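Here are the chains, one letter per residue:
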Amino acid sequence: MTLRASFRHAYPGFALAADLTLPMHGVSALFGPSGSGKTTLLRLMAGLERAADGSLALGATVWQDATRFVPAHQRPIGFVFQDARLFPHLSVRQNLAYGQRRAGAGGAIEVMAERLGITHLLARKPDRLSGGEAQRVAIARALLTEPRILMMDEPLAALDAARKAEILPYLERLHAEANIPILYVSHSFDEVARLADHLVLLDGGRVVAAGSLVELTTRLDLPLAHRAEAEAIINAQVVAHDAAFHLTCVGFSGEKLWLSLHEAPIGSVVRVRVRARDVSLTLAPQTGTSILNILPATLTDLGGESDSQVMIGLDVGGTRLLSRVTRKSVSLLGLVPGVRVFAQIKGVAIVE
Amino acid sequence: MSPADLTALWLTLKLAALVTALLLVIGTPLAWWLAHTQRRFKPVIEALVALPIVLPPSVLGFYLLVAMGPHGPIGALTQALGLGTLPFSFAGLVVASVFYSLPFVVQPIQQAFATIPVGLLEAAATLRAGPWDRFRSVALPLAAPGFLTATIFGFAHTLGEFGVVLMVGGNIAGETRVVSVQIYDHVEALEYGAAHGLSLILLGLSFSILLVLYARRLPWRL
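Protein chains in written order, with the numbering used here: chain A, 68 to 419; chain B, 58 to 279.
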């Protein structure tokens, strides 16, 4: 099942013209700079705003078209705002019950409170909660309506780094349990890299590209691959731990990468990031090098970066990597698409 | 205190209670509309609502007298409904007082509604609350302090009404003779003792209910 959306609306200062189809599983991130229209798009999908010209359907259920508009309170969605928006006159427990009762949803408040670590807060009033606690209550409140989609509008943007770190594990668990599709709006690529499976890139009210996170981060025709922090995201599996040297080995596409010891158990799937600036290329395999991770790769494409730098796309057994090298190296080594090279990777980290 | 004093006192309390109740019913939707509308004529309505604050009661009373009279628009309506005309009756006093005390009820409620973050109502909508449900379960409880202020101001202000009563109600015992008019009669008749008695009651009553308002640090509770 998919969520199909198409909106055209002129707002003061910018025009939104977006068409997209989102998979109804995993986490889909709407990502773009401030003013790109991502929050507006999410609010249109929630029914909190109405576009002059819009259509929206979840599977066969139409929420908006030329003649129909299902108001927000009749859409089976959960919405988490940037600010928690808890009702100040109600206790945490009453806030949690508010939507659950109206949605006629089952499920125990206690179980949900346990999942989000807010059991000890149930009797409190919202003004006695920290920002991170309030946001966890807001997430629980939205989930207790048993929505078909959970929409989150920059849920971490108003929190400091410590509070973010407090909430991200809950979001990751939500993602892992994956029984509900999530639409996640963010302007932080780190959050997106951690949580998203599917990515919609927005700019100036338009959809620039949509696809899997892994694919879009390394596409040379898109801005993500040209950031100073440009990187490849790899879904890998923990293969082994080396206690003596404090290293963890992860595998993907028949290849292996060593990285600093991580507590993830053997067999678990982790997200690994390889920054383009940490990947250098050689034509022959090097020996006598301190670099542990050397992978055979095929050069697939090149994209101009600056007068001196070039971004290179690589294929490693079906997995894509990026390498940022100098224009001079490209010329000296004869780097053109199809050339077999060895990617020397200086830094690998699990995304967190 | 004479039976006439007690009659006047009872009439005054009845009037103030009835007018306050009517104003809460009329004023709440008006305040909600004023707090949320973006119509260009909103300032006109706001100025009209606020007029009784600055207008001399005799001016307001005069216009109401004319309007409710046999040739006025309100008078034409009440006559068409077979109710006769309203001046010099308790019903006329109620209608006039509703106009007279309108701003004292509408303004506090409007301010209370205006300070409720729209975001909370949006959150309620995403939690399946329809428009009326959002109003009842979020807006009303959060506006409770405004409603308390409105009730007390509306009641206290109607209690002290004099000029408008004289213009539209005259001075009919048991029908339109409220405490303020009764006090005036006592003073005209040089019955200072009786005037003192009633004045003290009105002073005490007004002070007490205002004290309730200012002493109560109302939390989010109706």
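Quick caveat, the hints were computed from the structure, so don't treat them as lab data. Fair warning: there could be bad hints in the mix.
What the simulated footprint calls covered on chain B by chain A, stretch by stretch (three residues with Cβ under 8 Å from a Cβ of chain A suffice, anywhere in the stretch; the number is not a length) [said to hold, decoys possible]:
1) 106 to 120
2) 172 to 185
Heads up, incomplete: computed chain A residues facing chain B, CB under 7 Å, no partners named [unchecked claim]:
3) Ala133
4) Val137
5) Ala139
6) Phe146
7) Gln149
8) Arg152
9) His156
10) Tyr165
11) Arg169
12) Ala170
Part of the chain A face toward chain B, derived, beta carbon under 10 Å [as the list claims (entries may be wrong)]:
13) Gln141
14) Pro155
15) Arg168
16) Ala175
17) Ala205
18) Arg215
19) Met218
20) Val406
Because the structure is a prediction, the values reported are computed rather than measured. We put the CB at the ideal spot given by N, CA and C, even for glycine.
Structure-inconsistent hints, enumerated in ascending order:
1, 3, 4, 7, 16, 18 and 20
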